[in-house]
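Once you've looked at the hints, dock chain B against the given chain A.
So the sequence lines, in the order shown, correspond to chains A and B.
Take 1 as the starting number for the first sequence in the working numbering and just add one per residue.
Take 1 as the starting number for the second sequence in the working numbering and just add one per residue.
Simulated from the structure, these hints should not be mistaken for lab results.
Backbone N, C-alpha and C define an ideal beta-carbon position, used for all residues, glycine too.
Treat the hints with care, since some could be wrong.
Unchecked claim - Think about it this way: if two alpha-carbon atoms lie no more than 25 Å apart in a straight line, the pair counts; the simulated DSS-like pairs of lysine-lysine are:
#, chain 1, residue 1, chain 2, residue 2
1, A, Lys34, A, Lys66
2, B, Lys138, A, Lys48
3, B, Lys138, A, Lys19
4, B, Lys44, A, Lys12
5, B, Lys72, B, Lys126
6, B, Lys126, A, Lys48
7, B, Lys45, B, Lys138
8, A, Lys48, A, Lys19
9, B, Lys44, B, Lys86
10, B, Lys138, B, Lys86
11, A, Lys66, A, Lys19
12, B, Lys138, A, Lys34
13, B, Lys71, A, Lys12
14, B, Lys138, B, Lys126
15, A, Lys12, A, Lys66
16, A, Lys48, A, Lys12
17, B, Lys72, A, Lys12
18, A, Lys48, A, Lys34
19, A, Lys19, B, Lys126
20, A, Lys12, B, Lys86
21, B, Lys126, B, Lys86
22, A, Lys48, A, Lys66
23, A, Lys34, A, Lys19
As the list claims (entries may be wrong) - Stretches of chain B that chain A covers, calculated by requiring three or more beta carbons in the stretch to come under 8 Å of a beta carbon on chain A:
#, segment
24, 55–67
25, 113–125
26, 132–139
Said to hold, decoys possible - Far from chain A, some chain B residues (derived; all Cβ distances over 12 Å):
#, residue
27, Leu21
28, Pro25
29, Asn39
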Amino acid sequence: MDIQLLFFAAVKDHFPDLKRIEVSEGDSILNLRKILTHTNPSSESILKVSRFAVNQSIVGDDFVLKEGSVVAVLPPSSGG
Amino acid sequence: MSVLGTSSHIFSSPIFVSSELPDIPEMGGFVVFSGIVRNLNEGKKVTHLEYEAYAPMADEMIRSILADARKKWDLLHANCIHRVGKLEISEIAVIVETGSIHRAEAYDSNRYIIDRVKHEVPIWKKEFYIDGSSEWSKGCVHESH
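So here's chain A without its partners, still in its complex pose (with noise of 0.2 Å):
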């Protein structure tokens, strides 16, 4: 199944703005971690301090992904 992915900051050091990706059916937002770490391993720094989004509400790295989920890379913030 398809699943949106978008890169914010410094994550887009290591992917696109936007991609489309496919994952297994039950995979959960850590499976998507150890995807794009596989895809691009010197994420891994980046990715392990990054929250994951899906639809707009951060989740944990138990929430399991659905066809269609709009998933934000979110590196930390540094507003203000």
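This is chain B only, laid out in the frame that chain A set:
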């Protein structure tokens, strides 16, 4: 431009501190915090910044933080707006306004709002240095202002 009564909390155009206070007769204390782009960070000369946001999520999170502040304190006014895009030195990056009957609530809630916005809201800062290099801010643990 007044920052009062705005419905969106993420702005791509310049923001300014308004001389106009909210028209609330019960309000006895009004606090404004401005986060300003400075020309130096961790010993490196900064020429300008670029702020990036996941705008719809950032807007909603700021709205939620303001609502939490209103639950914790008896506030008559609370607002926060944040710039995105390229900002020059001395431009305002963020404003937090709080108003209450007495000053204590306005001061305390203002600090609460800016601290949560800086730590939680998906907004990122890229610093550009005088030597031509640039770097994304590592996050709030390295923040000093």
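Verification of the supplied hints:
no. : hint                  : result
1   : Lys34(A) x Lys66(A)   : holds (17 Å)
2   : Lys138(B) x Lys48(A)  : holds (13 Å)
3   : Lys138(B) x Lys19(A)  : holds (24 Å)
4   : Lys44(B) x Lys12(A)   : holds (23 Å)
5   : Lys72(B) x Lys126(B)  : violated (33 Å)
6   : Lys126(B) x Lys48(A)  : holds (20 Å)
7   : Lys45(B) x Lys138(B)  : holds (17 Å)
8   : Lys48(A) x Lys19(A)   : holds (19 Å)
9   : Lys44(B) x Lys86(B)   : holds (18 Å)
10  : Lys138(B) x Lys86(B)  : holds (18 Å)
11  : Lys66(A) x Lys19(A)   : holds (16 Å)
12  : Lys138(B) x Lys34(A)  : holds (22 Å)
13  : Lys71(B) x Lys12(A)   : violated (37 Å)
14  : Lys138(B) x Lys126(B) : holds (9 Å)
15  : Lys12(A) x Lys66(A)   : holds (24 Å)
16  : Lys48(A) x Lys12(A)   : holds (15 Å)
17  : Lys72(B) x Lys12(A)   : violated (37 Å)
18  : Lys48(A) x Lys34(A)   : holds (10 Å)
19  : Lys19(A) x Lys126(B)  : holds (22 Å)
20  : Lys12(A) x Lys86(B)   : holds (18 Å)
21  : Lys126(B) x Lys86(B)  : holds (9 Å)
22  : Lys48(A) x Lys66(A)   : holds (22 Å)
23  : Lys34(A) x Lys19(A)   : holds (16 Å)
24  : 55–67                 : holds (count 4)
25  : 113–125               : holds (count 10)
26  : 132–139               : holds (count 4)
27  : Leu21                 : holds (23 Å)
28  : Pro25                 : holds (31 Å)
29  : Asn39                 : holds (17 Å)
Of the hints listed earlier, those the structure fails to meet are numbers 5, 13, 17, in rising order.
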